[in-house]
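Dock chain R against the given chain Y, drawing on the hints supplied.
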Amino acid sequence: MKFTTKVVHVGVNTDPTTGAISTPIYQNATFCHPALGQSTGFDYSRTKNPTRSVVEKAIADLEGGSAGFAFSSGMAAITAIIMLYRAGDHIICTEDCYGGTFRVLDKVFAKFGLEASYVDGSCLAEIAKAVRPSTKALLIETPTNPLMKIADIQAIADLARDRGIHMIVDNTFLSPYFQRPLELGADIVVHSGSKYLAGHNDVVCGLVTARDTTLCEQIGFNQNATGGILGPQDAWLLLRGMKTLALRMDKHNQNATTAAHWLAKHPKVTKVYYPGLDEHPGKEIQHKQASGYGGMLSFEVVDADLVPQVLSKVRLIQFAESLGGVESLITFPYAQTHAEMPEELRSRLGISGNLLRLSVGIEDVEDIIADLAQALKK
Amino acid sequence: MDFATKLLHVGVEIDKATGAVSVPIYQVSTFHQEDVEVNQEFQYSRSENPTRRALEKIIAALEGGTAGFAFASGIAAVSATILIFGQGDHLIAPKDVYGGTYRILTKDGPRWGISHTLVDTTNMDDIEAAVTPATKALILESPSNPLLKVSDLPRICAWAKERGIITIIDNTFMTPYLQRPLEFGADIVVHSATKFIAGHSDVVAGLAVTASPELARRIGQIQNSLGAILGPQDAWLTMRGLKTLKVRMDFSQKSALYIAQGLSEHRGVKAVHYPGLPGHTGHQLLRGQADGFGAVLSFDVGDVAVAKKIMDNVRIPAVAVSLGAVESILSYPAKMSHAAIPPLVRSDMGITDSLLRLSVGLEDPEDLLNDIIQAMG
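Just so you know, the sequences run in chain order Y and R.
Sequential numbering of the first sequence, starting at 1, is according to our numbering.
Sequential numbering of the second sequence, starting at 1, is according to our numbering.
So that you can see chain Y by itself, here it is in the shape it has in the complex (with noise of 0.2 Å):
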């Protein structure tokens, strides 16, 4: 079956008892047993929910996983498969990952002694020098946030299967639809999947799925331990976002194209990351891996002056935390998603008071070029 057949289909007449197409929304915490020792599947919603579990075999089935698992939101996902490991253990990490990943790693993790250094994802060769004995994980991010940097997800799976460590790639800009990390090695896949996946920026929530069955029932294991589930209602906003995800991506893709090549050529602005352009250093890497190359991009303009103008001036973009839905929203990662990082980390990667990050929504895209045209001018 072809993906985009695949995605409308997800929880498609699941319900025994009525055949609705669409999934029930099972707003319950506990279910009868029919007798002691026996179970319907069911026990507590903590531990199962008949929604989130047709959203969790979704994830698994999109991705190639052999289970899914959803989370409260992409950080408490992240959280129960940094729990897979202890104090001791090792992480090399995407030197600009996302803001919230680091945080939990320096200010939570960092205090219960597991290690983690931070290296250029796109350079395997600094990886590989990066791994060390107690090296249990590398958690990768392609294409990077916010500057697109593009990792190569086969070559960096191989190296972890040589040494025996588990290779995770953070999925949640390209969404399964352009790149399915697990198909070319990656052991676990994880999402925010408040972004592309729900796709309408009215849900947070985390998705994770993996290959290896005893490495799903440990994570299994950690999001009954800790709790950190989604509601029903959540889980199905996902699931019906989910339906849409290829005619979305496909939308934000040409638009984020397009908008990319026009901000290229604007007098205001001094560089575009965007995996698409011909001129970006990973776009052969990404030809290979991956489908297309999504919808976002950043960019920096000439004058760090210009940022505030620009973030007051956009009337159809909206000036927001967050990506990946249908409306686009700009941020400006400096103070937004990386305010968390050290001053010099950011100024090393180039996240400077001059870059924007755009999450290019389904919109006509003459509209958006309309708006950052106008953002921009004096």
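Hints listed in this document are in silico derivations from the structure and should not be mistaken for laboratory results.
Even for Gly, the Cβ is constructed at its ideal location relative to N, Cα and C.
There may be inaccurate statements among the hints.
To be verified - These stretches of chain Y come out as covered by chain R in the derived footprint (C-beta under 8 Å, 3 or more residues):
1) 94-105
2) 311-318
3) 328-340
What the hints assert, rightly or not - Some chain R residues well away from chain Y (every beta-carbon gap over 10 Å; in silico):
4) K6
5) V10
6) R46
7) K57
8) A158
9) A216
10) R217
11) G227
12) Y258
13) G279
Quick look at chain R alone, frame taken from chain Y:
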């Protein structure tokens, strides 16, 4: 303000834009920012969501704390509270602690360098003996699950305060209507709001309330960093449930006493654990620290076969895990809530294989008692 009035009128600011009396469900992930220089109240729903915020304010007001936090489940609230500590810290918890908390302490704790000692919290000497220089917190459940043992919370909290040990009280069984631990010196209160607070078997939710701004900062940081937050729909349903907390509790605890008395008089029942019974060891103690005895009881039928027969034959209560709902729920702790505890440890605690736990709902109490008696055969 009387608790019943507080329950309906605190923290529920009427929506300015429309005048709606019920808090709107903000099914939204992100918020438009007016000015890059200004930190707006709401930016991203994981950090702050207006619907969740309303619930957090309400629970803080009801418990008398400085701030409230809503989580995706009771155990997410417990995890977040435990994660404010660090590597090398030591916690003390009750021997008969809820199975989910036990699982975190025994399975996750050691992985992250948090050690623990389980004690009988009804015995002050036991608690004292467990303290080490690394002890940072004491987790308490009173009345306990499923044996309804009562710990002297005011005394323990005062003792802990002198030693700089943080007290964390799981107030799920009592709710702030019947017991407000922060008023007698506890530092943190946690709830599985799935139970009496939401009260309808329809939401999985957790809450935490802190006594100081510093603890609020620490829990808030974990809530935002780890992101095990409560969604807006579930936050709204929890608030909806809270509005009837007092009337539900009043009715259910009256029924619980009636059923406890009825079961005590039945020759097939070896023991009834309900602190509302004058003969219960914790009866007087609970009187002094709470405004009621709650709606959970357990009873031992002395024979595994009879216990199983009851589970098979009851018609009114749901045979299920969980508690604190409008529907009565009958559960089998050895196989359900306390299954994560090894059998030997379990029987040592008095959680036998012939013990049943009843969470009394809103059905007619006579119907419930008769149903259990007929189920014994």
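The hints, checked one at a time:
no. : hint    : result
1   : 94-105  : holds (count 3)
2   : 311-318 : holds (count 3)
3   : 328-340 : holds (count 4)
4   : K6      : holds (25 Å)
5   : V10     : holds (24 Å)
6   : R46     : violated (5 Å)
7   : K57     : holds (19 Å)
8   : A158    : holds (29 Å)
9   : A216    : holds (16 Å)
10  : R217    : holds (12 Å)
11  : G227    : violated (3 Å)
12  : Y258    : holds (24 Å)
13  : G279    : holds (29 Å)
Checked against the numbered hints above, the structure violates hints 6 and 11; every other hint is satisfied.
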